[in-house]
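Number of protein chains: 4
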Amino acid sequence: MAPLHGVWAVQRDGASLRLTLTCFRLFVAEMSTAAPVPSNGVLHGNEHRFALRVYIEDTDLGGVVYYANYLKFFERARSDLLRVLGINHREAIENGVGVYAVVEVKIKYRRPAKLDDDLIIVSRLMQLRGVSLAIEQKVLRGAELLAEGTVTVAFLSAEGRPKRQPDEWLTKFRGLLSSE
Amino acid sequence: MAPLHGVWAVQRDGASLRLTLTCFRLFVAEMSTAAPVPSNGVLHGNEHRFALRVYIEDTDLGGVVYYANYLKFFERARSDLLRVLGINHREAIENGVGVYAVVEVKIKYRRPAKLDDDLIIVSRLMQLRGVSLAIEQKVLRGAELLAEGTVTVAFLSAEGRPKRQPDEWLTKFRGLLSSE
Amino acid sequence: MAPLHGVWAVQRDGASLRLTLTCFRLFVAEMSTAAPVPSNGVLHGNEHRFALRVYIEDTDLGGVVYYANYLKFFERARSDLLRVLGINHREAIENGVGVYAVVEVKIKYRRPAKLDDDLIIVSRLMQLRGVSLAIEQKVLRGAELLAEGTVTVAFLSAEGRPKRQPDEWLTKFRGLLSSE
Amino acid sequence: MAPLHGVWAVQRDGASLRLTLTCFRLFVAEMSTAAPVPSNGVLHGNEHRFALRVYIEDTDLGGVVYYANYLKFFERARSDLLRVLGINHREAIENGVGVYAVVEVKIKYRRPAKLDDDLIIVSRLMQLRGVSLAIEQKVLRGAELLAEGTVTVAFLSAEGRPKRQPDEWLTKFRGLLSSE
Numbered sequence: 001m002a003p004l005h006g007v008w009a010v011q012r013d014g015a016s017l018r019l020t021l022t023c024f025r026l027f028v029a030e031m032s033t034a035a036p037v038p039s040n041g042v043l044h045g046n047e048h049r050f051a052l053r054v055y056i057e058d059t060d061l062g063g064v065v066y067y068a069n070y071l072k073f074f075e076r077a078r079s080d081l082l083r084v085l086g087i088n089h090r091e092a093i094e095n096g097v098g099v100y101a102v103v104e105v106k107i108k109y110r111r112p113a114k115l116d117d118d119l120i121i122v123s124r125l126m127q128l129r130g131v132s133l134a135i136e137q138k139v140l141r142g143a144e145l146l147a148e149g150t151v152t153v154a155f156l157s158a159e160g161r162p163k164r165q166p167d168e169w170l171t172k173f174r175g176l177l178s179s180e
Numbered sequence: 001m002a003p004l005h006g007v008w009a010v011q012r013d014g015a016s017l018r019l020t021l022t023c024f025r026l027f028v029a030e031m032s033t034a035a036p037v038p039s040n041g042v043l044h045g046n047e048h049r050f051a052l053r054v055y056i057e058d059t060d061l062g063g064v065v066y067y068a069n070y071l072k073f074f075e076r077a078r079s080d081l082l083r084v085l086g087i088n089h090r091e092a093i094e095n096g097v098g099v100y101a102v103v104e105v106k107i108k109y110r111r112p113a114k115l116d117d118d119l120i121i122v123s124r125l126m127q128l129r130g131v132s133l134a135i136e137q138k139v140l141r142g143a144e145l146l147a148e149g150t151v152t153v154a155f156l157s158a159e160g161r162p163k164r165q166p167d168e169w170l171t172k173f174r175g176l177l178s179s180e
Numbered sequence: 001m002a003p004l005h006g007v008w009a010v011q012r013d014g015a016s017l018r019l020t021l022t023c024f025r026l027f028v029a030e031m032s033t034a035a036p037v038p039s040n041g042v043l044h045g046n047e048h049r050f051a052l053r054v055y056i057e058d059t060d061l062g063g064v065v066y067y068a069n070y071l072k073f074f075e076r077a078r079s080d081l082l083r084v085l086g087i088n089h090r091e092a093i094e095n096g097v098g099v100y101a102v103v104e105v106k107i108k109y110r111r112p113a114k115l116d117d118d119l120i121i122v123s124r125l126m127q128l129r130g131v132s133l134a135i136e137q138k139v140l141r142g143a144e145l146l147a148e149g150t151v152t153v154a155f156l157s158a159e160g161r162p163k164r165q166p167d168e169w170l171t172k173f174r175g176l177l178s179s180e
Numbered sequence: 001m002a003p004l005h006g007v008w009a010v011q012r013d014g015a016s017l018r019l020t021l022t023c024f025r026l027f028v029a030e031m032s033t034a035a036p037v038p039s040n041g042v043l044h045g046n047e048h049r050f051a052l053r054v055y056i057e058d059t060d061l062g063g064v065v066y067y068a069n070y071l072k073f074f075e076r077a078r079s080d081l082l083r084v085l086g087i088n089h090r091e092a093i094e095n096g097v098g099v100y101a102v103v104e105v106k107i108k109y110r111r112p113a114k115l116d117d118d119l120i121i122v123s124r125l126m127q128l129r130g131v132s133l134a135i136e137q138k139v140l141r142g143a144e145l146l147a148e149g150t151v152t153v154a155f156l157s158a159e160g161r162p163k164r165q166p167d168e169w170l171t172k173f174r175g176l177l178s179s180e
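Chains as they are written, first to last, in my numbering: chain A, 1 to 180; chain B, 1 to 180; chain C, 1 to 180; chain D, 1 to 180.
Treat the hints with care, since some could be wrong.
Identical copies carry no separate label here, and so any pair may be met within one copy or between two of them.
Listed below are the simulated DSBU-like cross-link pairs for lysine-lysine, each with C-alpha atoms no more than 30 angstroms apart in a straight line [unchecked claim]:
| id | residue 1 | residue 2 |
| --- | --- | --- |
| 1 | Lys172 | Lys138 |
| 2 | Lys114 | Lys172 |
| 3 | Lys163 | Lys114 |
| 4 | Lys138 | Lys114 |
| 5 | Lys172 | Lys108 |
| 6 | Lys172 | Lys106 |
What the hints contain is simulated information worked out from the structure, not anything from laboratory work.
Given the sequences, and given the hints that come with them, work out the whole structure.
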């Protein structure tokens, strides 16, 4: 916060400064005492980053995260990517528009994740077709790479047949592919 | 943002205003582009609140959260409660100090949670004994109560026998019990 | 077994004995080389018994079965009970007839289950109402009681409202309640 | 069972008859009154087959088995393969001998599995090294292929480092590789 302090110091109009400071304090206070929020991912160029913590449910008797649960972590990140892009998957499912289904996964496990670890799932759209997407996904603990893989999902009609994704969604994905 | 606008409008010192605005924009930008964080719970008096979102992994063919998964949500909240209190469960497990094990659960399911729901798990310590805790836990979606229950956990030695919780932890729990 | 009685009764000589032995050997051979079958439960009077084995997916870092997974075990047993009674839950869901949803669980954890344990889930219908059932369920490892509880399920319409269970099903449940 | 006794008593081929009787009685007794048994896999040459049924816990809101749960099915089959070969994984873990950890998975999802489906997991050892195994695994519903993949597992010391598998185990795996 030090740099901000400096900025305030050069302001000379007392009333507005006090008001500004009050607003700022209220804002910070609200951030720290309001109802907590679930983990939300963010986009950095074409890269989506999503944070999660490892809980007991994720571990197995080896004391590390059970191998199938990394696929749950990947799914949470992909769901959040859709959310960040403004794609409402739940609505598409409920209205019979279609549903994403995984058709292929390749994953390598490098190092085990453990209880209480704060992980970042990094997802990057690699390939876009009318009916499918390929996404590269990584599990990081700080700078350490724990697992990495590629997940291919197809868009399916309510009857389970491959279906072209809505044009609006394709446009969003194309924007993602072309950003740095 | 409207109130802040008003504040800026009464400021007349151009240079500092521009600087302030720049800092504020950087701050907001940092909030939205920085590495994301996992969901962290907060204490309000003796009540712990923890947020989570429902993902596909949590649902079943009925289109709602599978009944066993509410126990996972409860566990995440209890784990976070320990973290907020400064109790390192993982370290206690790894060093052979002991581990919390659930000995009893009572839960009533009121309304179903669905995909993408933002839920708050509210936990309140109800009873403290040397070797056990009883915690009341609720699942809320906004003001709606979806599920509520009581979970009793016992502290166990590495050999699986009931064991008195570390005094430092008992002190923290007592503090929680006596706060409003 | 009555038909077999007749068969054995006419056997008095070497030829039929050899035939019997051949059949028996073929039968045993088939048991050991045929496609394996999933675990199927059985009824003993009003008690349903279902076997399952503990796999790595069921355990947590404590080296024992994670507490929420006992609810999965209970569910498998209840699903099998419906199957044994000739109640097709999947069809009822798919045809919009209705679905069973859990409304309450009470469970006590006595002793931990571990990897590779062969468990028996014993289920007993305790209470039958038009729209709901209460079932007592136990987890046994041999003669050892590991967990026990009561699960109340309600029958819900496709819109999620309590609905009277099909009469045919109620008749089956009444039969179960009245058997010893 | 007493009536059967009388019947057999009139047969005169002594030794083999008594053996048959004993086996038969044990068999009938086990089939009709014993506790049910969990699903056990079988070997056909170098192919291991394991049966399982799909329960509600395995499904997601799409009405089909959630993609991560196929990895649980694969794991159950691999655990059973070890059991059938007489390899005690749990003992190896508990005694600090070592533990198998998955290092790579490739899986293609062909058709969805649904509630109540009886599935067969077919596993075939493809590659054997001192510290690792590669296993091809398929999910079948009758003759239909639902999913197929390759799982590579490494044997790890208690400290998490690659370790040569016990010689006795390697001998068993070599026997499996060389059988038709």
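Hints and how they fare:
In this assembly of identical chains, Lys172 and Lys138 lie within 30 angstroms of each other by CA distance solely inside one copy; the values are 22 angstroms within and 36 angstroms between copies. Taking the shortest Cα distances, Lys114 and Lys172 sit within 30 angstroms of each other only across copies (25 angstroms), while inside one copy they are farther apart (35 angstroms). Proximity of Lys163 and Lys114 under a CA criterion of 30 angstroms is satisfied inter-copy only: 21 angstroms between copies versus 39 angstroms inside one chain copy. When the C-alpha separation of Lys138 and Lys114 is checked against a cutoff of 30 angstroms, the pair qualifies both within a copy, at 16 angstroms, and between copies, at 27 angstroms.
In this assembly of identical chains, Lys172 and Lys108 lie within 30 angstroms of each other by CA distance both inside one copy and across copies; the values are 29 angstroms within and 27 angstroms between. In this assembly of identical chains, the alpha carbons of Lys172 and Lys106 lie at most 30 angstroms apart whether taken from the same copy (25 angstroms) or from different copies (29 angstroms).
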